[in-house]
Amino acid sequence: MSRIITLRDALREAMSEEMRRDENVLLMGEEVAQYNGAYKVSKGMLDEFGAKRVIDTPIAELGFAGIGVGAALNGLRPIVEFMTWNFAVLAFDQIVNGAAKYLHMSAGQYNCPIVFRGPSGAAGQLAQQHSQTFESWMANVPGVKVVSTTDPYDAKGLMKSAIRDDDPVCFMESEVAYADKGEVPEEEYLIPLGLADIKRYGDDVTIVSYNKMMKVAMSAAEELAKDGISAEVVDLRTIRPMDYDTIINSVKKTNRLVVVDESWPFAGVSSEISHQVQRYAFDYLDAPIVRVNAKDTSLGYSSVYVEEYLPNPKRVIEAVKQAMYV
Amino acid sequence: MKTTVKKSKYSKKTYLEWYRLMLLIRRFEEKTLMMYGQQKIRGFCHVYIGQEAVAAGMMSALKPLDPIITAYRVHGIALAKGISANQVMAELYGKVTGNVKGKGGSMHYYNKATQFYGGNGIVGAQIPQGAGIALAEQYKGTNNVCVTMFGDGAARQGALYEAFNMAMTWKLPVVFVCENNGYAMGTSVERTSNVHDLYKIGAAFDMPSEAVDGMSVETVHEAFTKATKHARSGKGPYFLELKTYRYKGHSVSDPGKYRKKEEVQEYKDIDPVKVTEKAILSQKIASEKDIQKIKDAIKEEVAAAVEFAENSPLPTPEELYKDNYVQEDYPFLD
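Chains as they are written, first to last, in our numbering: chain R, 1 to 326; chain D, 1001 to 1334.
It is worth saying that the hints were derived from the structure and are not from the lab. Note that the Cβ used here is the ideal one computed from N, Cα and C, for glycine as well. Be a bit skeptical, because a hint or two may be false.
Using 27 Å as the maximum straight-line C-alpha spacing, the simulated DSS-like pairs for lysine-lysine come out as follows [unchecked claim]:
id: 1; chain 1: R; residue 1: K52; chain 2: D; residue 2: K1289
id: 2; chain 1: D; residue 1: K1112; chain 2: R; residue 2: K52
id: 3; chain 1: D; residue 1: K1248; chain 2: D; residue 2: K1031
id: 4; chain 1: D; residue 1: K1140; chain 2: D; residue 2: K1112
id: 5; chain 1: D; residue 1: K1140; chain 2: R; residue 2: K160
id: 6; chain 1: D; residue 1: K1248; chain 2: R; residue 2: K52
id: 7; chain 1: R; residue 1: K199; chain 2: R; residue 2: K215
Every beta carbon over 12 Å from chain R, so not counted as near; a handful from chain D, in silico [unchecked claim]:
id: 8; residue: Y1036
id: 9; residue: R1042
id: 10; residue: K1112
id: 11; residue: G1121
id: 12; residue: W1170
id: 13; residue: Q1265
id: 14; residue: K1299
id: 15; residue: E1301
id: 16; residue: K1322
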């Protein structure tokens, strides 16, 4: 049996189920307890699990991320919520120099089973400091895993796997997708990290995307179908480790690739995919890879800027047509 | 600062253990500097010479499984927390028999069996981590106290203020320890803040805090006994500023020219190893023979550690890829 629930409900179900399953799992962050979450993802969790396991923190990202890291080294499985990944920049020392390094520095003695989660990417007219994507930043670091999704079904299954994972996981969501709805089974299920999912099958071109840009990619694919172009759409779901096999197999079938990626173009997720595809599917490509990124600029407030900055279906359609020489 | 020898309140066993640990650290570090000079040891290297009373006085006041986390001046604490001289020296040599298989070098030692959390190379980053280790102890309902050590330089990091605040709010079982050796690399405490008495930082959080003579092993022991009793009883954190001194530079590459010779001498006059030896003998706590036995054993232990390190194999390059992830089949890029 399944029902239609929102992304925020799916994330909450995943965390709550894992907290019922394992008493060492706890949630901490700004406004997660009494306020029920800045975006209501943790609504009701304080009531069920109590203040020992659902912990309101002061506004001190570096400090509470570090406390999470220490607790993880000492046997707990903290979920650390950042109100947005933009604020997590203050905590990058603890993620990059701490969580990612302990296992290696201690030659296997101390692992750090922690989930850092929160929304990533632009979410309306929020201006320069609240609009960035961090998937490519975190995925650059050996020692962490990176998940990014807005699909309720994927989010629930991946969050449960992330919490059970013995390595640190950075989990990226989206403010503008928390109310998105999707079909989610009532029965328990997990989705392993590191597997992409083909959300739409097609023959003429492969479109790879993730997080809320999947909606842009899917909408472009629908439009393209009206013009007789059959696009296959691959949802990465996990950014590190990336499922190159699924991408490369799809490109071997369609011979053309467009990557829709909200990262900035320089060393973004699309750069990495382009490298891997030219290396492992060079002879299969009938056209250069085309990518659609956020524009290489800071994002300003005005709606005009937002419209200019973000990938949209029109840009994706143009990119596909470029890759198809039509 | 004057250190006077009080009438002994402690047993012969305690005194000899203090003396043994301090002398081991002293001789080990002297040998480390020598081997660094011979380029057997490379990279950053920060020795503990001068600060040994902190390690010894602390260890005698702790329970064996009280967690400790510290910074990168870590050889002494590593030895104190049960990592063998062989393993510490082999690590400095970058050998596979080292404490962390040559992955950590001078700054990173760990011992999960005794709850030793290292060994952190980012100034002050271990302060919130120590609070988190304490949170886990509180969560699991143990009676352990996490000792979270840092230097005077780290006392100016924002991470400290965030961690102090949360540790007090949540009454975490943690003893924060600032080893104030007077200098953050080449910058004196007086030049980094308007507040020169570091223990006063605790006052902003209503955290019980005090300054302690860190050159006296008895005084350090007493301070830790009081602080851990407080933290263990559920009353929350305690902050100790241990006034100590490093005789050498910040690291092996620092000649320490920012200090006057007289200042260094002033501390060498109250050297914890010498003072403790003198106290043991003058108060007839133990005999010359007991002392000589310890000296001989340590000389042998340190020489054996060098020999062990010299004769140990280097790691294979494949070892580099291990321990990035617990996941064994993690698909690395090439």
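Now for the hints, and whether the structure bears them out:
Restraint check: the Cα-Cα separation between K52(R) and K1289(D) comes to about 55 Å, which exceeds 27 Å; the hinted pair is violated. A distance of roughly 25 Å separates the Cα atoms of K1112(D) and K52(R); the hinted pair therefore holds under the 27 Å criterion. A hinted pair counts as satisfied when its Cα atoms are at most 27 Å apart, and K1248(D) with K1031(D) qualifies at roughly 14 Å. A hinted pair counts as satisfied when its Cα atoms are at most 27 Å apart, and K1140(D) with K1112(D) qualifies at roughly 17 Å.
With a C-alpha separation of about 22 Å, the suggested pair K1140(D) and K160(R) falls inside the 27 Å cut-off, and the hint holds. Taking the CA atoms of K1248(D) and K52(R), the gap is about 45 Å. The hint is violated against a cut of 27 Å. For the hint linking K199(R) to K215(R), the alpha-carbon distance of about 11 Å falls within 27 Å, and the restraint holds. Every beta carbon of chain R lies more than 12 Å from that of Y1036(D), the smallest distance being close to 21 Å; the non-interface claim holds.
The Cβ of R1042(D) lies farther than 12 Å from every Cβ of chain R, with a closest approach of about 17 Å, so its non-interface assignment holds. Not every C-beta of chain R lies more than 12 Å from that of K1112(D), the closest at about 4 Å, which undercuts listing it as non-interface. Against chain R, the non-interface label of G1121(D) is violated: not every CB pair exceeds 12 Å, the least being about 8 Å. Residue placement check: W1170(D) does not keep its beta carbon more than 12 Å from all beta carbons of chain R (closest about 8 Å).
No beta-carbon of chain R is positioned within 12 Å of the beta-carbon of Q1265(D); the least distance is around 37 Å. K1299(D), annotated as away from the interface, keeps every beta carbon of chain R farther than 12 Å; the closest lies near 29 Å. Distance to chain R confirms E1301(D) as a non-interface residue, since its nearest Cβ pair spans about 23 Å, more than 12 Å. Interface exclusion of K1322(D) from chain R breaks down, the closest Cβ pair being 7 Å apart, not more than 12 Å.
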